[in-house]
Structure formats: structure tokens, C-alpha cells
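Engineer: Residue numbers (my numbering), protein chains in the order written: chain A, 1 to 98; chain B, 1 to 476; chain C, 1 to 490.
Everything labelled a hint here was simulated from the structure, so no lab data went into it. Hints are not guaranteed to be accurate.
[As the list claims (entries may be wrong)] Chain B stretches covered by chain A per the calculated footprint, using a threshold of three residues with CB under 8 Å from any CB of chain A:
| hint | stretch |
| --- | --- |
| 1 | 24-34 |
| 2 | 135-143 |
| 3 | 439-451 |
[Said to hold, decoys possible] Here are a few chain B residues that face chain C, going by a calculated C-beta distance under 7 Å:
| hint | residue |
| --- | --- |
| 4 | A43 |
| 5 | N80 |
| 6 | K269 |
[Said to hold, decoys possible] Here are a few chain A residues that face chain B, going by a calculated C-beta distance under 8 Å:
| hint | residue |
| --- | --- |
| 7 | N14 |
| 8 | D19 |
| 9 | D23 |
| 10 | V51 |
| 11 | Y58 |
| 12 | V60 |
| 13 | T62 |
| 14 | R66 |
| 15 | A70 |
| 16 | E71 |
| 17 | P73 |
| 18 | K76 |
| 19 | A79 |
| 20 | Q90 |
| 21 | L93 |
| 22 | V96 |
Glycine residues also receive a C-beta, built at the ideal position from the N, C-alpha and C atoms.
If you want the building blocks of each chain, they are given just below.
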Amino acid sequence: MVKYDLDLLKKCANNLMFDMSNDQYNVLLKEFDVLTKQMEVLGEIDGVNDVEPMTFPYPVYTTYLREDVAETPLSKKEALRNAKDVEDGQIVLPKVVG
Amino acid sequence: MNFEAVIGIEIHVEMKTNSKSFSGGPVKFGQEPNTLVAPLDMAFPGTMPILNKQVVINAIRVSNALNMTIDHELWFDRKNYFYSDLPKGFQITQDKRPIGSNGSLTVKLSDGRLKTIEIERLHIEEDTCKQLHLDDITLVDYNRAGTPLIEIVSRPNIRSGEEAMKYVETIRQIVVFAGVSDGKMEEGSMRCDVNVSVRPFGSDKFGTKVEVKNLNSVANVRTAIDYEVERQTKLILSGGAVEQETRRFDEKTQTTIMMRKKTDAVDYKYFTEPNILPIRLSDEFIQNAIDTCPELASSKQERYTSNGLSDEEADQMLQNLLMADYLDECIKVNPKHTKLFWNWITGEATAFLNKKFQSFDKFKVTPDNLEKLINMVENGTLSMKMARQVFEVMCEENKDAEQIASDLGLKQDSNEDEIKKIVEATVDEFPQAVVDFKAGKDRAVGFIVGQIMKKTKGKVNPQIASKLVLEALKSR
Amino acid sequence: MYLGKTVEELHELLVSKKVTPLELTKEAIEALKKEETNAIETICEKEALEFAATLVEPEVDNLFWGIPYVAKDNFSTKDILTTASSEILKDYVPVYDATVITKLKEAKAVLIAKSTLDELAMGGTGTTGHKGTTYNPYDPTHTYKIGGSSCGSASLTAQGIVPFALGSDTGDSVRKPASYAGLVGFKPTWGRISRYGLFPFAPSLDHVAYFTRSVKDSAALLEVLAGEDLAHDATCSVKPVEKYTEGLTGDLKGKKIARIKEIDESVKDKVILEGLDKVQKALEEAGATVEEVNFDQKLLAAVYPAYMIISCAEATSNNANLDGIKFGPRVGEASSYQDVMMNARTNGFSELIRRRFVIGSYSLFKANQEELFLRAQKVRRLIVNKTNEILSQYDAILTPCGGIVRNPFASNSDDVSDRLDIHTIIVENHLGIGNFGGFPSISVPMGLDNGFPFACNIMTKVFTEKETLNIAYAIEKKLGLKNLSTMEVK
Numbered sequence: 001m002v003k004y005d006l007d008l009l010k011k012c013a014n015n016l017m018f019d020m021s022n023d024q025y026n027v028l029l030k031e032f033d034v035l036t037k038q039m040e041v042l043g044e045i046d047g048v049n050d051v052e053p054m055t056f057p058y059p060v061y062t063t064y065l066r067e068d069v070a071e072t073p074l075s076k077k078e079a080l081r082n083a084k085d086v087e088d089g090q091i092v093l094p095k096v097v098g
Numbered sequence: 001m002n003f004e005a006v007i008g009i010e011i012h013v014e015m016k017t018n019s020k021s022f023s024g025g026p027v028k029f030g031q032e033p034n035t036l037v038a039p040l041d042m043a044f045p046g047t048m049p050i051l052n053k054q055v056v057i058n059a060i061r062v063s064n065a066l067n068m069t070i071d072h073e074l075w076f077d078r079k080n081y082f083y084s085d086l087p088k089g090f091q092i093t094q095d096k097r098p099i100g101s102n103g104s105l106t107v108k109l110s111d112g113r114l115k116t117i118e119i120e121r122l123h124i125e126e127d128t129c130k131q132l133h134l135d136d137i138t139l140v141d142y143n144r145a146g147t148p149l150i151e152i153v154s155r156p157n158i159r160s161g162e163e164a165m166k167y168v169e170t171i172r173q174i175v176v177f178a179g180v181s182d183g184k185m186e187e188g189s190m191r192c193d194v195n196v197s198v199r200p201f202g203s204d205k206f207g208t209k210v211e212v213k214n215l216n217s218v219a220n221v222r223t224a225i226d227y228e229v230e231r232q233t234k235l236i237l238s239g240g241a242v243e244q245e246t247r248r249f250d251e252k253t254q255t256t257i258m259m260r261k262k263t264d265a266v267d268y269k270y271f272t273e274p275n276i277l278p279i280r281l282s283d284e285f286i287q288n289a290i291d292t293c294p295e296l297a298s299s300k301q302e303r304y305t306s307n308g309l310s311d312e313e314a315d316q317m318l319q320n321l322l323m324a325d326y327l328d329e330c331i332k333v334n335p336k337h338t339k340l341f342w343n344w345i346t347g348e349a350t351a352f353l354n355k356k357f358q359s360f361d362k363f364k365v366t367p368d369n370l371e372k373l374i375n376m377v378e379n380g381t382l383s384m385k386m387a388r389q390v391f392e393v394m395c396e397e398n399k400d401a402e403q404i405a406s407d408l409g410l411k412q413d414s415n416e417d418e419i420k421k422i423v424e425a426t427v428d429e430f431p432q433a434v435v436d437f438k439a440g441k442d443r444a445v446g447f448i449v450g451q452i453m454k455k456t457k458g459k460v461n462p463q464i465a466s467k468l469v470l471e472a473l474k475s476r
Numbered sequence: 001m002y003l004g005k006t007v008e009e010l011h012e013l014l015v016s017k018k019v020t021p022l023e024l025t026k027e028a029i030e031a032l033k034k035e036e037t038n039a040i041e042t043i044c045e046k047e048a049l050e051f052a053a054t055l056v057e058p059e060v061d062n063l064f065w066g067i068p069y070v071a072k073d074n075f076s077t078k079d080i081l082t083t084a085s086s087e088i089l090k091d092y093v094p095v096y097d098a099t100v101i102t103k104l105k106e107a108k109a110v111l112i113a114k115s116t117l118d119e120l121a122m123g124g125t126g127t128t129g130h131k132g133t134t135y136n137p138y139d140p141t142h143t144y145k146i147g148g149s150s151c152g153s154a155s156l157t158a159q160g161i162v163p164f165a166l167g168s169d170t171g172d173s174v175r176k177p178a179s180y181a182g183l184v185g186f187k188p189t190w191g192r193i194s195r196y197g198l199f200p201f202a203p204s205l206d207h208v209a210y211f212t213r214s215v216k217d218s219a220a221l222l223e224v225l226a227g228e229d230l231a232h233d234a235t236c237s238v239k240p241v242e243k244y245t246e247g248l249t250g251d252l253k254g255k256k257i258a259r260i261k262e263i264d265e266s267v268k269d270k271v272i273l274e275g276l277d278k279v280q281k282a283l284e285e286a287g288a289t290v291e292e293v294n295f296d297q298k299l300l301a302a303v304y305p306a307y308m309i310i311s312c313a314e315a316t317s318n319n320a321n322l323d324g325i326k327f328g329p330r331v332g333e334a335s336s337y338q339d340v341m342m343n344a345r346t347n348g349f350s351e352l353i354r355r356r357f358v359i360g361s362y363s364l365f366k367a368n369q370e371e372l373f374l375r376a377q378k379v380r381r382l383i384v385n386k387t388n389e390i391l392s393q394y395d396a397i398l399t400p401c402g403g404i405v406r407n408p409f410a411s412n413s414d415d416v417s418d419r420l421d422i423h424t425i426i427v428e429n430h431l432g433i434g435n436f437g438g439f440p441s442i443s444v445p446m447g448l449d450n451g452f453p454f455a456c457n458i459m460t461k462v463f464t465e466k467e468t469l470n471i472a473y474a475i476e477k478k479l480g481l482k483n484l485s486t487m488e489v490k
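Chain A extracted, bound-state conformation:
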């Protein structure tokens, strides 16, 4: 497991494209302490390493696949309705480099 500290949490937050106040990083650090300790305890539960991780709540599968038929797309107006910066029917961003 990667060792965490304030710097790592900050880096982690920035990778998620946001920042927090120093106070919050400290609150988070405490939360990390508690949670990782709890997770350590979970690692000691009988049989925890004898089972597969569970994604779906019960054994389930499907055979359904969508037919390859195009649906009517959104109108351009609708598609862009919630975008704040639009030019020539496209969403504007500061120039993306790299």
C-alpha cells in the first residue's frame, strides 16, 4: 500500500482536479488513519482471502446485446444547452496542449 501523508493527499486531490483547504487535508488525514486501520482489521476476518471480490450484488449475467441501430441524436441545441462556453456549435476550452 502506498504510504500517505499530507503531500500525497494533496497530490491525490489535484489528480482528481480539485483542491482543499489545509484544515480539510488534516481532517482527511485523520479519516485515513481510521479507515486504513479498519481495513487492516477487515484483512483479518476469517476467509476474507478465500473469496473473490464481489462487484454485483448477486450472481447475475445477461446475454442481451443492443442491436446496432442508430437512434435520433440530440439536437445540437439540446446537446450544448448546459455548456457555458460555446462557439460555432462546439464547446470552447482554453487551448489544450500536449
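Place chains B and C on chain A using the hints.
Structural biologist: Same frame as chain A, now just chains B and C:
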């Protein structure tokens, strides 16, 4: 010290399905920006992915062509990262369980050697948005977002630019002939990233690898790799070290140029996509996808050569799927005329279509009608020259070949009695020819035939004329 | 005056033309405007009145014809502002309707408002929405929580303004507030109701759920909402929808019901244990046998940390689409796309949410997955296996919804803390088992203490909603705690 190159290739193939991987948004190219968007493509909250059946069929077909093991249960994962062209903030892909695994592809090199390239995996995923970079802003178009992709990842057992080129070329042919993609590298519907490193011969360690991007033609794959291998070898020999970096191929200078140094590998935080249940594929479904796959180039090649084309002639046909499709229709009409069809297709037909900037799907001449024309030449009704005249009209409007010939008054005289009369008269006219012939000068035959053609404006069947002239000269 | 009535009662009035949908809608909207618990994001007045006005000829066989309802503001509603009570979506107007919204529209129920929630449904206190705290209508002193995250829907149903309201339930977000608000809160099997259009928190745990004031209304509503949705949500089951209302006999002859020893032992308020005993008696009178079983204290204590890790991990990914580019606010100066995202997300998410995302992201790191995310998923399986083991011998599990009747705001927040004792952790989080295993789980009022309602919970095997509902129905019938609302209290 001798070096060997270690090359691995990742190929992204954009599919030409009707709709996107996980939404019903239409897949089309060259449309007005942001007019092909379903709610999922713009990642509107609450939308959920529903996998496209054709995407699975296509992936099965390509996996099969690449001799891969096909998974009977599909699982998807999220690849999480933030980028301006990634609407959801993750890409749905298959990290843990690709639909195709452990394949191989054998290619023929120019020296006749066969090389088998191992393929690690083939998986289904989705494309990102298209960005248009202007001077100070970037415009984002979501039309491409969600377009189906397959990614094919080779193992690093490619050893030269030529092997790489053949590999990419063959995969391109497979996806085009299987109807999966238009395979246009120059337009980005097939994209190659190449990892190149070098190491001393005999070493089993890998050197530092460099990723090369922006390879927009099959030829560039070779050029870029050859350049890169040379660059790295020189660097090492001069005491330098290869750095881990991403480079791009520069068309102008035909070299690779550094884009960025590789920093820490990005952690994509993959996890199972909880909005797509495991999808079970029955044996029947998989077999049916394989059985109904359009014929691939390798099979066409075999069929063409068994119908009398040379390897080179067959290859030429396989450069162009629409052309090959047309030939196939012709072969259905009369397989014995394969070579004759080939002649017309690669000759006059191609010349005509090139002039009109059209492709074979727009070609008006039906195979039936072309067969008629060929037969008219075969049975001597038309000379090749006449046939070309008829063909020109056929290209404009697919009128019956015989009708056109008759409208144009094009008909070769093949009536032996009629021709005999002309032959006798002509021989009479040129007694010197008889003398020459008797003296062993065979060219006298050609001379008389020439005179006959001149006299009849070429309407006499030259084979019959020759035969009769020979007889006439002998009998004098 | 038609407030405070159940769907069933309103239907009778509508069919006999004693009231029209328009009158009902108007009255409900007036009540919305006066309500004082801060439960509303948006009143859809214009849309609701227009739609209600088109409903003229009553549909006798359609229980929901002309019935006003509210939806939690994390259901996508075409052309109606949908904020998920988050600043990052404060001006987001969806381009499509969630499947449940469509189904209710087709049933001609009238959507009158979008209700508040804990921001992005990621909380259980009813305090973290961008509009501030939503209060419990049973507590004019504003001392005790209504719980969350479906706080607004709970409050508006408890006030009798609407007879039912849509919510979502990822850990206990409908079933817990149902307890504090004296409501029937039902979360059917994962995959029974389409999630298309429900803003995701953690898809493997998310459920569409809802509040009613009677079990019968709950059964009837499921008949409307359940069913396949292959065009939009392929995780939604194609199993046929049953006639849930026809299963409501109240007869439990031969049924075996389990009580979990470790959970009962963790209850703080004696009145809750007394309530459970009363429920047990009621069940026995209806023909069932009730027995105590052991679960495993360690496993029960593991529900909360496992839930935190799984839900935060999924949430950080689900909400990565909220980047300020396609929707959401563009804030401040930006000289790169990263700036656009940073500005939108730093200002758009409360600090609690941001902390949750860091936790989730960290547990998904390649180097951490084995010890965090995958371990949590393995613990999830152990807990579900244990539950299924019990459910293989019993028809249902009876538990309290929590350990205390009244939950003061001061007591605890959504922060991860080690100050809580194991009993509190167990009794306040065990409803998450229903999400881990996707089990149908229903909260039914079992008592009132000093005017504050509290509920028990019934959980059964997946896709046995008929069973869940019938047991709840038997409890409701025997205890007589049907159609509670603050109107009666007042």
C-alpha cells in the same frame, strides 16, 4: 556490437458501425460538430452503457482472423483519468478480460521468409471527443465520443521496420475486408502506436523503450521504426543512453521528434464497470459471427490464384476492397474468365473510374454485361479495339453490350466464305506476296492480312483472316 | 382538504370525481410553498398544473392517475432543473427523463417538485445539500435529524403533502429517513427498477427506492416502477413484474423470521427493543415463527468500512463527468482545461464530497487495491454469503432501522471517526447489507416515542418482493401504524 530491435505495436481500429459502442448515437464521419450525440456520449448524469451487438461481432471476427482465444463472457472495466477529450472522466474498456487473447499473425517478408508475430490481446473500447486546436482556444466536438474501437496489442517480438509494416498492413487488410473499419490510417480510423527499443543480440533483457506516435500510413510505420532503431543504436554506440520518452513521426523530415519525457506511469485506477453485467456469449453466437464474416483477403488470394491469377495479380486486386468485391461478382458469373475480368478491371475500368474520381461501388457496368463483352471478343464478334469502344459506352450507361455494338455498327466479319472472297481478291492484287511466301518469307502473311484490314477498316476477324490467307498462299 | 391521504384514498376520491387532479395539484403546491423544513429544490408549478389540467377522465384501473408526487433531485427530469443538491449542478437542466419519471408520467402521476438531498446522495444526515439542512417535520425545534440522503422526499411525504415520493438508496438513504419520518420506505431488489436517469453514487449499491405512507401504496407503486429497461439500463432484470398488491394477505402461516442477535444487542433505546418485541408478537399472531440467530459481530462491524471504501471508489469515478466542460459552472480565470476543471470541481463540491473522492481514489490505486478496494469487495461477499445462509433457513430478517429513536444533529456527522463504539457502528449501518446483496428491504413504522416515529426493517431474498411486502403489511395491520403524518400530530 550488433543490436537487435524489439518492437511492440498497439493498434486502435475505429469501427464503421451504425451506432456507438455503448449508446445509440450515430456513427458517421465528416458531420457537423455535435450533431451525433446521444445523452451518454456527453456523459449526462444518469446515463448507462448498453453494449452494441455489432461491436461484439466485429471483435469476434477480428479475434478469429488473428487466431485468438475468444472469451465467452464479456467483462468491462473503467479506465479513470481526466482529460479534455474524455467526457465521462473514464473510458470503458476491457482491462482484466479482453475478448481476444493469445493470437498470432504470420506475414510474408520481401525475401520470402515467413514471420509469425504474437498478439497479446484484443479488446473492445470507445473513442474520445475530437478536438480542434485553434490559436488560443480548443473546440470540442462530441460526435466521435463513444465510437467503437478495438485495440490490438502485439507482443514485443517484432524485429524490424519491415516486419512491423507487414503486420500493420495485414491487420489493416483484415479489418477492412471483415467490414469492421475503413482502415484509413491517414484519416485516423486506424491508429498505431509503436514501442521501440534495442538491445545487444543474444540479450534477453529489454532496452529502454520509446513510444512513437502519429504514424498515419503503413509506410511511415516502417520509416519511423527504421529511423528510431538507427537513432537508438547510434546513441548507445556513442556512449549515450536511450531515455524513456514519447516521440512523434515527422512527415516532413521523415524522422521522429521528442514530444515528452515519460514521467511516472499514470495510475488509471481500473475497476470493473458496475453498470454492465457480465455478458455471456453462446458458442452459436460466436460461431455465427465467424461464419458470416465477409471473406478475408487471405482467402480471396487463394481463390484468385486457383482461378488463374498470379500472386502479384491477386495482390493488386486486394489493395482495394471494392475492386475485389467487383471481381468476386464477376467470378460468380464465369470463373473461367477470371483473368479476362481482371484485365478489364485493372485496365479500362480503373482508368475510367480514376478519371471520374469514383470507386468500384459506383461502377455502372454489371458483371453480366462485362461477361457478354468478353464473350464477343472471345468468339471474334468484336476486335479488342471495338470492344474498348463498346466498353466506353457501357461505363456511361450500362446498356447491353451487344446492343451498343450493333448501334455503333461494330461487328467483326467472321463469315469464312465472305472473308475468303476478300482474301482471294487481295492475294490476286499482290502477286509479289505469293513469290515471297514461296521463298520462305512468312511476313507475306502479315502483309496480306494488313492489306485486308485496311481495305475493310478492321471489320474482319484477324484470326480468321490470317488462317485463310495462309491457306490461300499455300494453295497458289 | 386532501392532504395527508394515501394513494389508495386519493384514487377513490378522483375516480368518484370528488376532486380533480388539478385541484389536488394546486393544493399540494400551495402546501409546498408553505412548508418549513427546507425540503425543496424546485417546485415544478407550471409543468405540474399544465399536466394536471390535461387529466380529465379518471382511469378507474390506474391507481396513480392524477396523484401528485415529488422526486429526489437526483432523478433526471427533462427540461426541469436537476441539481443533486450540489453547486456543481446548480444550473443543470437535463435533456432526458429518468425511466421511473417516464413510467410515472405514463401512469399520469403528477410531478410537483424536486426534493433536497445530501449532496450527490453521498451522506446520511440531511445536512450536506447546497441549500443547507433539511429538517424533520416531526421536530419543530430542529434538534433531530430526518436523516438522509433522501431527506426532502421523506419530509414532504411525512408532512402529507404528497402520498409518495421517489428517493434513492445506496446505503440506507430511503430506509433510514423513513424510520425518522414515520414512513414506509422500500428498496426493492437491485435490478428490479431501472436506474436509468438516477444520478449514480455507487452503481453496484444504488437502488431506486421510495416513500409511501402505507404498505399497500408501496406494493402498488412497485407494479408501476418495476420491469426491464433494455434500451437504457441492461442491469435491470427482465424477470416479469408481479402483482405485488395481490400478495398482501397479512397471512404469515409457516413463515420463519430471523432476528439478528448482534444487531438487537447494539440497540441503545429500550423503546426500540420493546418495539421489536411487539413486531415479533404481531408476526407470530399472523402465523410466523420468529427466532434469534447469530450473524458475526466482526462481519457486522465490517459493513461500514467496506461500504465506505466501495461507495467512495465508485463515486469518485461516477462523478468524474462533473468537470465544468459540458455542463456545470465555469468559474474564475482559466488558462488551461485543467483550470476549468479545477475551478469547477473545487468550487462545485463541498469539502465532505472532496474528501470522499480522495478516499475512493486512493483505494483504487493499483498498489492499494488489494488491501482496500478489493478487500472491501471480498468482505462484501462474506457478508452477503452470511446473509444468504440465514435467508436459506428463514424467509425474512427482522431488524431495527437504527439504535435510537431520535438522532440529534449534534451527535455525529458524516466524517469518518473512531469515536464511535462498535455497537453504534453495527446498529447504525447494518441496513447497508441490503445494498451489498441487493436484497429487497422495507422499513415499516413500529412505534412512536414522545411523538417521534421509529421503524423496523424487513429484508428477504432477492426478487421476493411479494414476501417482503406481505410481511410488512402484516406488521402494519397488526400495529395499526398506517398513514402517519405530521398533520395528525398537529
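Engineer: All hints are to be evaluated individually against the structure, with a verdict given for each.
Structural biologist: Hints versus structure:
no., hint, in the structure
1, 24-34, "holds (count 7)"
2, 135-143, "holds (count 8)"
3, 439-451, "violated (count 0)"
4, A43, "holds, 4 Å"
5, N80, "holds, 5 Å"
6, K269, "holds, 4 Å"
7, N14, "violated, 10 Å"
8, D19, "violated, 14 Å"
9, D23, "violated, 25 Å"
10, V51, "violated, 15 Å"
11, Y58, "violated, 11 Å"
12, V60, "holds, 6 Å"
13, T62, "holds, 5 Å"
14, R66, "holds, 5 Å"
15, A70, "holds, 4 Å"
16, E71, "holds, 3 Å"
17, P73, "holds, 5 Å"
18, K76, "holds, 5 Å"
19, A79, "holds, 4 Å"
20, Q90, "holds, 4 Å"
21, L93, "holds, 5 Å"
22, V96, "holds, 4 Å"
When each numbered hint is compared with the structure, violations occur for hints 3, 7, 8, 9, 10, 11.
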